[in-house]
Every structure is written in structure tokens, then in C-alpha cells.
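Work out the full structure: start from the sequences and follow the hints.
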Amino acid sequence: MSAPSLAISGLSKRFGGVVAVDAVELQLQSGELHALIGPNGAGKTTLVQLLSGAERVDAGSIHLDGRDITHVAMHQRAGLGLGRSYQISSVFAAFSVLDNLALAAQARARRRWGCWAPVAADAVLFAAARGTLDAIGLSARAETPAGALAHGERRQLELGLALASGASMLLLDEPMAGMAAAEAERMLALIASLRGKFTILLVEHDMDAVFRLADRITVLVYGRVIATGGAEDIRRHPDVRRAYLGEDQP
Amino acid sequence: MTLILFVEQCLNGVQLGLMLFLLAAGLTLVFGIMDMINLAHGSLYMIGAYLAATVIEATGSFLLGAGAAMIGTGLIGAALEVSLFRQLYRRSHLNQVLATFALILIANETVRMIWGAQPILLNMPEALAGPVEPVEGFRYPAYRLAVIAVGAAVALLLYVMVVHTRLGMRVRAGASDRDMANVMGVDTRRLFTLVFAIGAGLCALAGAMLGPILAVQVGMGENILILAFVVIVIGGIGSIRGALVGALLVGLIDTAGRAFLPGLLRHVFPPTIASEAGPALASILIYVLMASVLYFRPRGLFPARG
Amino acid sequence: MTSALHVSARPGFALAGAILLLVLPLGLLAVDQPFYIVLASRILVFALIASSLNLLIGYGGMISFGHAAFVGIGAYTVAGLMQAGIVSAWLAWPIAMLAGAVLALGIGWISLRTSGVYFIMITLAFAQMAYYAIISLKLLGGDDGLSLGGRSALLPGIDLKADLSFYYVALACFAASLAFLHRLINAELGRALQGVRDNETRMEALGFPTYRIKLAAFIIAGALAGLGGALLANLTGLVSPSLLHWTQSGALMIMVILGGAGRLLGGAIGAAVLLIIEEVLRDYTIHWQLGVGVVLLAIVLFAPSGLAGGLAGLRQRRQA
Amino acid sequence: MTRLIAAALIALPLALPAAAADKVKIGFMSTLSGPGAALGVDMRDGFNLVVKNAGGKLGGLAAEVAVVDDEQKPDTARQAVERFTKRDRVDVITGVVFSNVLLPVLPSILESGTIFISPNTGPEDYAGDKCHPRFFVASWQNEDVPGAMGQKVQDLGKKNVFLIAPNYPGGRETLNGFKRYYKGGYADEVYTKLGQLDYAAEIADIRAKKPDAVFFFLPGGMGINFIKQYASAGLAKDIPLYTPGYSADEDTIKAVGEQLVGVLNSSQWAHDLDNPANKKFVADFQKEYGRLPTMYASQSYDAALMLDAAIKAVQGKVEDKDALAKALRTAKFDSVRGKFRLNNNNYPVQDYYLREVVKDASGRITNRTVGKIFSDHGDAFASKCKMG
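Protein chains in written order, with this note's numbering: chain A, 260 to 509; chain B, 966 to 1271; chain C, -15 to 304; chain D, 5 to 392.
Each hint should be verified, as a subset may be incorrect.
Said to hold, decoys possible - PhoX-like cross-link-like pairs, simulated, lysine-lysine; straight-line CA separation at most 20 Å:
(1) D:K343 to D:K376
(2) C:K122 to D:K197
(3) D:K134 to D:K163
(4) C:K122 to D:K77
(5) D:K336 to D:K316
(6) D:K27 to D:K90
(7) D:K90 to D:K325
(8) D:K90 to C:K145
(9) D:K343 to D:K27
As the list claims (entries may be wrong) - Partial list, derived from the structure: chain D residues whose beta carbon lies under 8 Å from chain B:
(10) A42
(11) A204
(12) A208
(13) I228
In short, the hints are calculated from the structure, not lab data. Where a beta carbon is used, it is the ideal one built from N, C-alpha and C, also for glycine.
In C-alpha cells:
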């Protein structure tokens, strides 16, 4: 096996007296779609926050492609190819959908300091943005302000931002949260299409989706990893059954 | 420096600090509970001082003047809260800053129209106009001592109110989590109006008591307002205890700077330079304190929220 | 246009504005009213300053309550240099911009680590520090301020003491600054800045160094405000600590909001409207500030997007 | 939008009437708000009294007096001066109370060719080599009045004096004037911020330093507060106060009362000076405004009289500023202070009196002239002035 794309070791985070993430060990192979599941309050979002750099790590380490990023600032992690989406859509409400994606494309091209040349005249950049626009199926909404999008569309844009920003590793925090069935299906297809092109850590509640999509699954309960493995292993894992179904161990 | 001088300057600092506290108390509650930046707080102080001056000149009674000013300004505050401020609570801070800045202009000109541009110079109440001699060889103006006593009493009263009464409990609940307080059935609308009115009344009390020491004039609220903001940022927005500590700190630093820095600087510079640089440096110290508190403990010394 | 964010200049509008501003003083001279040339210069200077603040408030979402500090340091730089015998505008004005930029770097370095209401307060605190620092400096006139011996020297043959030449220099500075701001907000940094205003966390997650982006905008605004201060010192012929007083910062914010935060011409329109209201009301009543207060309050309550925003809204409605 | 603004800018001046040649336009800029307001108000009233007595005229010309408030701020003054010189095109500007307001705007007034008559502050800057043919002082040089008091305190044999004044040119010059004639020792020399109203820290300092006299110069509301706080600290009985007349004049007496009784002060004028012009002035002023005039009112009244005489001398031709200036220089009028003439630097040469605040027979607290300190006194800088 090659060196893991993302390696998490002994990662811990506490808020006051509550241990939200407790000595988590996790490794993602390059190109893998790895699902992270667990009951409410298991610490999934906290883990994503720690990985993306939004929260400070108390203990443990995070390595991205062999590089220690435990204490690297959030924007620098993004620069190293770590992209994320948010559980609650976090887009640029005053920007049009296209401008949202253009901004992400600007991030990918690492262009920040230009003070003179108009970005709007940059055909290459906008071609990239339009590419993502087509990929996430929002071509018809290009000129709409993101704040005026429907919930499902905003989820699509949310993912689009992560895609366009040039990440190679995606942390997707419940991309289907609050979506209607048809929308969720489209999103699922979209994520499926990303498979193999990106290394993905997918946090999701929809078990059906998770078991269909994921190469491997990790189960987090009370901040601890109780199981990691393929879909079948997890389905049969006694600790997981107990956590989810309340089954007593014999 | 003699001990007497030191004690006297400390008392002066405490007196200034307690008056700042009266202003800061209302400001910090309004800021903490309603999340509202009210630049017009200083205007309430000015209005209170003018009301006090008018009643004192008409009746000759200082107590009557201070009382009438507190009630009158409290009512004005309540009316403002109901008519205007309610619409601003959910607005951005930028909008609040501008709307209340506009109120400053309106209040200044209205006062100028009613009372004229010349300052009103209040006299101290006759009984307190002289000095007292609490310790042999140490004389101190009776009026300033009275100001200290009233300030301390109000501080104590406020503390007891906030910490030990139902009203105070609601206020604290509101300061730490407004939505939760709402859910728990606290009638926040009435609570806000009440808190605002009390804050305005305290402003008026400060205005009335500082009237004879300073001057009742248009624009008197603007500089002291900024000091009050410094106080509440240092103390922690929403915290009465923080406001008291912050106010005393600012009062003492400001007085110490004015009293002792020129003397120290005079060893190096001629008097015109020393006496200009001294107070200015003391004023800078206050803002340095504020900036470092914001930098190292952004929530202030006594944060109201967790 | 594919990008809705892009602010395009309407050439006809810009040309008409330019011609008008160019012939305005000639018209005023024709009717023998040189005073209004001074007023127009004053408006141009404040338009420049307010536009620089608009970059922070309108485009960067940074509610800086201490912009007067940058204006003040620019003005004092020119006055101080003149006192030291350096009168060349080519030297003094860039140094004033540099001083504004350096002060902005220092203040921004610390202030930009805070956010929300704490940012408002800490910028206010720093501006007050600058205010008292100036008062304490006897070298720069302390509380009295400094009178300038004359105006800066620009080119042989151009005497800035003449109100007309000063007007055109102020116009040139304003136009250049506005053009620069126009390019800036459409360029990479400007769009990134607006992204930060809209959603800072997301910008960071996308890989933008948001702190440094804000700091860059802060420095640019500081430099432009420093230039504005340099012009202001030349216009009024005196600098005093009241230039840095917090109410000055408040007045600048008023201009931005009045005109329309986040609109290219917002600062300029706000400055013009506020100063003209002042000038007109002043002749009718000594209580002109009451009028300003009421207008301002009405705008905050009923037209929070400012005059430029209101006009744009009207235009859109007409087109729809 | 830009078009609108430009249109408004062009339209504005058209609405204003053009200047007529048959009147004299006077810009009266003074401090009418804040702690120094009482001074400006008295000066305005004194000036207006002359115009009113002459039926709205000065020197036979209809007088148009535009009164504006400088708010004691140089920036505000600067804009007001722009309006006076470039928009209203006044012939004469007068009224300024404070030197820190006057000094920054004086160059642009003089550059515009407008005449300035100072009814109050007489700065050192323009008394010596920078003296100017269009700058006149109708009051005194800043050192003169305190200088007289310095002489008196010297004569009283004081050895250890505490000095306090606001930190602005007028304040510094005032203490310099005192020090020019007082040769004893000093307990301290303190400068406060102009406009400061709470003197707790300084008074504590005085108590600790135990001087044998306090000389203070705190004009307007500042002085009123200082005296009250000084008395309430219980120092009034132990350490006597001395002051130039400005801080022991009728406005201060009205505000402070009893606590001022016995305070010695110096002045170039007093309301009990025995000359016909003064008797008429005091009576008219009291009748018109219902209060006793102050030094400020008398100076401003004299400034108006001086202008009146000069306009008469040039037979109303105020357009010729050189002639008007020359006429001002030699204007003959009955000054309320008796003997009065202008020195080669356009600053006064006059007598200086000692006054004492007393309670008179009717129980009224007021100033009484008790002696003369300087006779025919000119300032110390006139010799540096090159004007003939």
C-alpha cells in the first residue's frame, strides 16, 4: 500500500469538559471515497473543522500527502489541496453563482494581489468557472445571486466552490443535508462522478447513500473511532450495531 | 510627593471613575443585552445635565434638580427606546453607529435651540460648597466627597440589583443569551425599555453631579462618551462589575497622568512641553490599555458571556 | 457582461462628469464667485478621503472608526515637512501617502485580528491614541496645531496658492484615485476583498489569506487617506489635532453611508451631498446640524443602501 | 448625480446679491459657544452698541455686520474667513477672542487685503518684526495686562508664586508678561489644556506646593470653574489669588459672586473710570443689555469707535484699503479708557489700572479701581517693528 493521502493520528479536541474528538486515528488512501458516520454529536463536524484548520488541535497530528499540517493555517491547507464544503451552506450571497465559482477559480490560480487588470476580462478563469458550473448543473442560474438560490441549488454551489478551488482532497460535510429526494439523488450522482478524481472524506447521515458510495467507512461515537472498514464489515460490526440499534452485546 | 497629595489625587481619580461608571453602567447593559452601539448615550448625559440645571435654577434645590433630571431623562430614554432604538437592535452595527451619530447632532442642536450656545455654570449646593477636614491637616472639597459617596452608593445598589433581584437575573440572562431569555419567558421588550430608561436616568445623575464641577454645555457628552466606551470595552461588554473596575481604572490613570506625568516630564522638558505632553500621554495610556485588553482578552476583563 | 460583480464605467457618464468638473471653476470665475471654487476643492478632497474609507467599509466590510487618523497623519506630514523646509509636492505628498500606509499597516496589523464590534472599538482606540499623540508633540504644534507657511510647490509655473490651480490638482488627485479604486475593485484583490466582506471563513477555506488581503486594503485606504490629508492641509493652510478627533471619523463614515457603501461613487456623492447641505443650511440657520442629523437618520432608517444605492435601485425599477 | 451637484454649485452664487458700494461690510467672527462664549457675546454686544447708537451706521456708511461663531476652533474659523474674504468680500474683519483661533487664520486675512482689528487678543507674533499695516489691536498686547499684575505682585513682596494658564499662545504670553515684571521665585508653572474645566489635580498640586500667591489666567468658563473649585478646596483663605482682569470681570463675578471678593486684578479699563465716553458707554450698555459691561465689551466698543472715526476720515471710501488703514492708525476718537493711541506697531499705548473686587454699599459685588500701575505703557516688542 502506498503512503496515505491523509493521515490522522491521535487527534483530540475538547470543549471545556467535553471531549469532542478523542484520539482519532484515520488514514485515507489517494482517490479513496471514505465515509464518516456516527450518531448526532459524535464529533464528525468537529473532526472536519480540525482537518480544515477552522479549529485548533489539542493533541495529535494531521498529515496531508506526508506533510505535517497540524498547525498550518486554514488558508494554507487549502493551498495544499485541502478543500471542504459546509454542512450549512456557506456561499457568497451577494455574488452571482458564476462569480462565486470565479472566485474559487481565482483561489485555484492563487491570484490575489492584482490591483489593475479586471478579472472579468480573464477568459481562462471564467472558462474554468463555467466548467464547474456545468458540472454542478447550475448553468441556468449563472447570473443569479447566490443568496437567491433555492436550498438544493445552494448545496450544489457549495460543493462547486470546493471543486473549483482546485482541491485534490475534499472534506464534504453532509452535502445532502436537508435536500428533497430528487435533489439528493442528483447530488449523489455528482459525488459519484467525483470518485477516483479526488480523495474524499464524506460525512453523511444518509446511510443508504454512504453504503452505496463509500470505499471504506469509519464510525465515530462520542468522539472515538469504533470501527473502520468496508461496507459489509461495518454492517456486521457489533459495536456499530450497538451504537446505532441499541443492541446489547451477548 | 507627600502622602496627602497622593491620597487627594487618588480621591480625585475615584471621583472621576465613579462618574464614568454611572455613564458606563447603562451603556454596557444596552450594549451587552441589546447588542446595540449607542453613541447617543452621551447626549442623554447632556440632556440630563440641562434638565438638572433648569430645575435647579428654577427651584434652587439641587436634590430636586437631580431627581427631576433622572426621571425626565429616564422618560426621554424610554420614549427613544420605544420609538427608535427598537428598530435598530436587529440592524448592523454600522447602521446603529450612524443612526445614533445622527441623534447626537439632533440632540446638540435641539439643546442649543432651547438653552442657547452659552454654557450654564451650575453652583454647588450651598452646604457642600466648602471643604471638609476628615483628617487633621487634610482638607478635601465636600462636594467631591459627596459625589464619591453617591457614586459608590449607586454602584453598590446596581450591583445588588443585578446580582440579587429577579430583575437583575433577567438582565443577566438577557446579557448572556438573549434568545434563551426570550424562550424562558422573559418579556424582553419591556425589559429593554426598562434597562434603557435606567441607563438614561444614571446618565442624568452623572450630568447633574458633574454640572457644578464641569459646565453644562452643548457637546459635553462627546468626549466623555468615548471614555465610557473605553471603560466598557476594558471591563467586558455587558458586565456591571467590569464597568466598575474599568471606570475606576480609567479614572485613576487619567488623574494620575494629569497630576504626576507633567511633574516627571518636567525633569527633562520645559513646562509648556511637559504639561501638554503629560495629560496627552495619560490619555494615550488609557487607549493603550483598551487596545491591549482587546488584543489579549477581547471579551474584556470580566466577560459577561462565556 | 458575464460577471455581475464587475463594475463597468459608463463612458458617456464619465465623460460628462469630467467635462463638467473641468469647466465648473471657469464658470464660477465667470460669475465672479471664487469662494465656490474653494468649496468645490474641499468637496473633491473629501470625496477622495471618503472613497478610500468606502474601500474598507463598502468593499471590505471593515467598519473602521478611526479613518481620521490616516487623514491626520497625511496632513501633519505635509505641514511638518514644510516646517522643515521641504515644500515640493512631489516629495511631500508621496511621503504623506507613505505615512498613511505605514500607520495603516501598524493599526491594521493589530486591529484586523479582531472582528465585529471589537474591530470598531479598537480602530477608534488607535485613532484616539494618534489624536493624543499629536497633541503631546510640541514639535508639531501640540494643541495649537501648525499653520502652513504656504502651499506645496508642484511645478514651476503652477502656483497652488491660486484657488484655480489647486482645484485642478485636487480634481486630478481625486480622478486618479477613483480610477485606481475602480481598477482595484474589479481586479483580483478587489474581488477577493468583496469575498472576504461576504464570507470570510469561506474565503479562508478556499485558500485566500484573508488577513493579509484585509491588511492590504487597509494599507491602500490609509495611503489614499494620507494623500487626502496632504491635500486638506494645503487647502486649509493649517493642521490641528481636531483633524484626528473621533467625530471626524464619524463624519467620514456618514459620507460613505450617505452616498452608498460599496458603490464606486458612494464616497464622492456622500461627501458632496453632506458638504453642500452644510453650506446651504448654514446660510439659513445656525442650527444646520439639526437638518444634517434628521437627513442622516432618515437615510439610515429608510434607505440604508445610501443615495447611490437608492439611485441605482430607481434605475433598475425603471428598466424592469 | 455629479451633474446635479455641479448645477447646484453654479446656481448657488447667482442667488446671492451683488455687493453695493454704499455700505461697509464687517465680518464679526467670535467665540459664541463653549466655555469662552461669554467673552464673544460681550464683544459682539459692545460692537453692536456703537452701530446701534449711530443708527445702524459706522462713519456715516450703512454698516452690515455679519456675525459668525468660530466655536473656538481654528478650522471653523478658517472656513468662516474664506466666506468673508472670498464670498462676502467684507471690508474689515474683527471679533476674534482667542489667539489660537486668530493666529492660524490671520495670514490669509491679511493676504486677501482685508483689514483686521483685534478687539481682544494682541499676539506677540505680530507686535514685533511681523507687524502689519492692516493689522490693528484695539485692546492690548498679550503681555501688558498680566505684566501690570506681575508688577503689583512684585510690589507686594511675594516670594513664591504658583502660575497657571491654558496651554495656547495667549496663555503662554500671559505668563511671560507676568514674569517680565515679577522677579521673585516660583512654586510652579502649570499649563492646562485649553477648555479644561476640572482643576482637581492642579488644585491638589497647589495645596501640596504651598505657594504664597497664585497667579492664574483662565479666560471665560475655565476661570469661573477654577475659582469655585479653589474655594471649595478651602484654599481661598490661605493663598490669595491674583489674575489679569479677564478672570475677575463682571461675567465671572456674576457666576462666582462672594468667592471673588478681595481679589486684585489688573486692567486697562474699568467701568468706574471717570471720563464722559466711559460714563455714556456703561450707561448705554446697561440700558441695552441689562448688565455691566466687561473689558471685552469695552475693547470691542472702542474698536467700533476707531473704525467709525477712520471711515469718517476717508469720507466713506472704504474700497481704498490703504487709505482706510492709514486713517485707522491715526483715528481720533474718545476711548472709554481715556488716553489712548496706537504705537508704531498698531498696538495700543495706554494706562493700566489695579482693580479690586468689592461688595459696594448696595451689596452689589463689582470691580473698583484702586490705583494705576503703568502709565502710557507700550508693549515690549514695538521696537522690533519696522513700521514708521
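Exercise. Of the hints given before, which are not true for this structure?
Worked result: Violated: hints 3 and 9.
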